[in-house]
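The primary structure of each chain is shown beneath.
Protein chains: 2
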Amino acid sequence: MPASDFSQAEYDHRIERTRAAMSAQGIDTLLITDPSNMAWLTGYDGWSFYVPQMVILPTTGAPLWWGRTQDKPGAAQTTWLAPSDLHDWPEEHVQHPDHHPVAALVTLLCDRGWTRNLGVEMDNYYYSAASHHVLQQAFGDAALTDATGLVNWQRAVKSPAELEMMRKAGQLTAHMHEVLRAGFREGAPKHELVAQVQAAGVSGLPDLPGDYPAIVPIAPSGKEASASHITWNDRPLTRGEATYLEISGCFHRYHCPASRSLFLGEPPDDIRHAEAAVLRAIDDTLAAARPGVTCEEVAACVYASFERAGYIKANRTGYPIGLSYPPDWGERTMSLRPGDTTPLEENMTFHLMPGLWTPDWGLAITESFVVTPQGGRPLADIPRELVVKPV
Amino acid sequence: MPASDFSQAEYDHRIERTRAAMSAQGIDTLLITDPSNMAWLTGYDGWSFYVPQMVILPTTGAPLWWGRTQDKPGAAQTTWLAPSDLHDWPEEHVQHPDHHPVAALVTLLCDRGWTRNLGVEMDNYYYSAASHHVLQQAFGDAALTDATGLVNWQRAVKSPAELEMMRKAGQLTAHMHEVLRAGFREGAPKHELVAQVQAAGVSGLPDLPGDYPAIVPIAPSGKEASASHITWNDRPLTRGEATYLEISGCFHRYHCPASRSLFLGEPPDDIRHAEAAVLRAIDDTLAAARPGVTCEEVAACVYASFERAGYIKANRTGYPIGLSYPPDWGERTMSLRPGDTTPLEENMTFHLMPGLWTPDWGLAITESFVVTPQGGRPLADIPRELVVKPV
Numbered sequence: 002m003p004a005s006d007f008s009q010a011e012y013d014h015r016i017e018r019t020r021a022a023m024s025a026q027g028i029d030t031l032l033i034t035d036p037s038n039m040a041w042l043t044g045y046d047g048w049s050f051y052v053p054q055m056v057i058l059p060t061t062g063a064p065l066w067w068g069r070t071q072d073k074p075g076a077a078q079t080t081w082l083a084p085s086d087l088h089d090w091p092e093e094h095v096q097h098p099d100h101h102p103v104a105a106l107v108t109l110l111c112d113r114g115w116t117r118n119l120g121v122e123m124d125n126y127y128y129s130a131a132s133h134h135v136l137q138q139a140f141g142d143a144a145l146t147d148a149t150g151l152v153n154w155q156r157a158v159k160s161p162a163e164l165e166m167m168r169k170a171g172q173l174t175a176h177m178h179e180v181l182r183a184g185f186r187e188g189a190p191k192h193e194l195v196a197q198v199q200a201a202g203v204s205g206l207p208d209l210p211g212d213y214p215a216i217v218p219i220a221p222s223g224k225e226a227s228a229s230h231i232t233w234n235d236r237p238l239t240r241g242e243a244t245y246l247e248i249s250g251c252f253h254r255y256h257c258p259a260s261r262s263l264f265l266g267e268p269p270d271d272i273r274h275a276e277a278a279v280l281r282a283i284d285d286t287l288a289a290a291r292p293g294v295t296c297e298e299v300a301a302c303v304y305a306s307f308e309r310a311g312y313i314k315a316n317r318t319g320y321p322i323g324l325s326y327p328p329d330w331g332e333r334t335m336s337l338r339p340g341d342t343t344p345l346e347e348n349m350t351f352h353l354m355p356g357l358w359t360p361d362w363g364l365a366i367t368e369s370f371v372v373t374p375q376g377g378r379p380l381a382d383i384p385r386e387l388v389v390k391p392v
Numbered sequence: 002m003p004a005s006d007f008s009q010a011e012y013d014h015r016i017e018r019t020r021a022a023m024s025a026q027g028i029d030t031l032l033i034t035d036p037s038n039m040a041w042l043t044g045y046d047g048w049s050f051y052v053p054q055m056v057i058l059p060t061t062g063a064p065l066w067w068g069r070t071q072d073k074p075g076a077a078q079t080t081w082l083a084p085s086d087l088h089d090w091p092e093e094h095v096q097h098p099d100h101h102p103v104a105a106l107v108t109l110l111c112d113r114g115w116t117r118n119l120g121v122e123m124d125n126y127y128y129s130a131a132s133h134h135v136l137q138q139a140f141g142d143a144a145l146t147d148a149t150g151l152v153n154w155q156r157a158v159k160s161p162a163e164l165e166m167m168r169k170a171g172q173l174t175a176h177m178h179e180v181l182r183a184g185f186r187e188g189a190p191k192h193e194l195v196a197q198v199q200a201a202g203v204s205g206l207p208d209l210p211g212d213y214p215a216i217v218p219i220a221p222s223g224k225e226a227s228a229s230h231i232t233w234n235d236r237p238l239t240r241g242e243a244t245y246l247e248i249s250g251c252f253h254r255y256h257c258p259a260s261r262s263l264f265l266g267e268p269p270d271d272i273r274h275a276e277a278a279v280l281r282a283i284d285d286t287l288a289a290a291r292p293g294v295t296c297e298e299v300a301a302c303v304y305a306s307f308e309r310a311g312y313i314k315a316n317r318t319g320y321p322i323g324l325s326y327p328p329d330w331g332e333r334t335m336s337l338r339p340g341d342t343t344p345l346e347e348n349m350t351f352h353l354m355p356g357l358w359t360p361d362w363g364l365a366i367t368e369s370f371v372v373t374p375q376g377g378r379p380l381a382d383i384p385r386e387l388v389v390k391p392v
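If you read the protein sequences in the order shown, they are chains A and B.
Start counting the first sequence at 2; every next residue gets the next number (the working numbering).
Start counting the second sequence at 2; every next residue gets the next number (the working numbering).
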């Protein structure tokens, strides 16, 4: 996603919102390691998050990009930042046992006088305990504030331009599901089916090129599907088994995940029974998902439908989505579950996940939706049903 | 990768080696968060590393798997551990602002009396500063030892069974490069080419199904290739531009990365000149890569070849590879660069990366190899050249 995907006014507005949240938490300088947050604020894009890198947002002035020397040209290519705002740490410190790149960050922060009221994303994949330790040693615990989720929360309500991206991702997701339905047949080795589905997502549609999704296809069959994060293997698809694919198209790093379960042969009554409960759960949730309704109220529609059908769903049933990098396409802010009293706002976007896992099978029919005054509107147009293929 | 890919004797040996390293560092209980390390010790496989999970290795007895309730069936399916050694934390704490899953780990460790001499992987993607903070609060700093890389180092020398996996990954990589060469033509949109190459890696070859590599294709063209971690876009391939693809097949989570540069039309002299330096660098390095030679001595072959050609290569030129999960297929132990005096051992495996990045283009022709008494032996059979396509 080049920075040019969005107007400078939109980036300015994102920074303004972020600074308001920083101010509310007493943070002067925000050290942002989440690649999705980095991209959202500056446009930075590259598979470089396996080494320390950050966007540094001070109280005034432009944000800085900070990363490995080899990645600086990538920052110049993808961000809207001025060349003078790109700062690098020495190549020779890459994965070096005796040098931590964050030591160079300490120098940069000291040079700028940004040594107090620093916000750090304590619970992020790309802010390690070792990175934090280096900052603690340099500035002391009192200088560091936990800012986990601070930027993520600003991303919750999507702009019109972002919704456009997500609808395009949704067209890619729908295309992937079409290819999945067409290729799902008895005896087909699972990995070959997954290869076709992934290729459909990347080669995309006319004027709709695909990017890499933040999660690879989750694709368990039969008893495997009692576990929820199993990827694929080469076992041929077998009659009498339910398979589900949790997949997402990705357009310029924006996502629109959707799962469907598929069945070879005549589904047994218990799976049909579960399907009905899931479909009812989705209908009720989408109808309820209006601005002002809370996350837990929306989620209650799912739990109620399942309870009526005799199932207990003991896990959350949805989460916010948008711009993402591996390993997660969720935004890690709200959850659709009991206890989350966050009110929905117009143009928030969620992956509604009324998945059901039993010891013998799993069923997943899910929808990504945007909150509108008329309720949740799906972001992708995919037949909502258990896909049944005769054998 | 099901645990059954390897014998129990091999797992026992891996644990024994790890315990020797623990003992040398005064660690009684090792808390392992790196998904590659978890898989190497237990076989655990699943895209669940986006929430806290660990393998816990005490001084005696079986290791424990610890993770989210929903992922416990996946641990039962993929590991060799007994059901009683699988422990879960409550679903309702998934990405919850007020509950950290590691609090449940504290309870488990207290129950077992494992509260001192704990080893933690301080510099790992999946051990966050927040996770560490919870353990610090519970047990104090003195109870925690940095064990970053402890297990990774045990993985450096590959077993015959592992080398077999990596050669299979190499066959997949070679197949991906064949598809790349065939599809590389003027006007082809890059994302469509990438889709074909990825699909080739996953659909694989007869009896060689592909898994997802830990890094998606890096695929910059022309000036884009001055940056080293740019993925793809939908720009058509253009005559007069060099494109490189850094890709890897993946077989049961084992990798064999290899890059090739491709050129449309007649390459200019400077790129041919660089190609010659890179090929010479590879020849010299493979000849030198015998047991007992150090990492920096091997790397010197690359720097010398580049220097003779008038280039300065200011970054490392290789790293160990094997079993991996996103975001990195390197093992993060040794580096082929000045200052790394680790001696090579037979059956260590490296990705030799004599990449060259100039402000106007980048060139990458790379090889994955295994150390043998006769020198480095490539793990994949891919024509080693700048691929030139006439226009």
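Quick caveat, the hints were computed from the structure, so don't treat them as lab data.
If you're wondering where the values come from, they're calculated on a predicted model, not measured in any experiment.
Each hint should be verified, as a subset may be incorrect.
Repeated chains share a single entry, so a pair holds when one copy, or any two copies, can fit it.
[Unchecked claim] Mimicking SDA-like on lysine to any residue, the simulated pairs with C-alpha atoms at most 20 Å apart in a straight line are:
#1 Lys-73 <-> Pro-237
#2 Lys-224 <-> Ala-104
#3 Lys-390 <-> Ser-160
#4 Lys-390 <-> Ala-277
#5 Lys-224 <-> Leu-209
#6 Lys-224 <-> Val-158
#7 Lys-73 <-> Ala-289
#8 Lys-73 <-> Pro-161
#9 Lys-73 <-> Pro-339
#10 Lys-73 <-> Ala-315
#11 Lys-224 <-> Leu-87
#12 Lys-390 <-> Gly-266
#13 Lys-390 <-> Leu-206
Here is what the structure says about each hint:
1. Lys-73 <-> Pro-237: neither (45 Å within a copy, 25 Å between copies)
2. Lys-224 <-> Ala-104: Classified as neither: same-chain Cα gap 49 Å, cross-chain 31 Å, threshold 20 Å.
3. Lys-390 <-> Ser-160: Cα proximity of Lys-390 and Ser-160: none, with 40 Å in one copy and 44 Å across.
4. Lys-390 <-> Ala-277: Classified as within; 18 Å inside a copy, 55 Å across copies.
5. Lys-224 <-> Leu-209: For Lys-224 and Leu-209, neither the intra-copy (36 Å) nor the inter-copy (24 Å) Cα distance is at most 20 Å.
6. Lys-224 <-> Val-158: neither (38 Å within a copy, 36 Å between copies)
7. Lys-73 <-> Ala-289: neither (46 Å within a copy, 32 Å between copies)
8. Lys-73 <-> Pro-161: Answer is neither; intra-copy 30 Å and inter-copy 40 Å both fail.
9. Lys-73 <-> Pro-339: Intra 44 Å, inter 22 Å, cutoff 20 Å: neither.
10. Lys-73 <-> Ala-315: Close across copies (14 Å), not inside one copy (45 Å); limit 20 Å.
11. Lys-224 <-> Leu-87: Answer is between; shortest inter-copy Cα gap is 18 Å, intra-copy 50 Å.
12. Lys-390 <-> Gly-266: For Lys-390 and Gly-266, only the intra-copy Cα distance (6 Å) is at most 20 Å; the inter-copy one is 48 Å.
13. Lys-390 <-> Leu-206: Answer is neither: 25 Å inside a copy and 27 Å across each miss the 20 Å cutoff.
Comparing the model with each numbered hint stated earlier shows that hints 1, 2, 3, 5, 6, 7, 8, 9, 13 do not hold.
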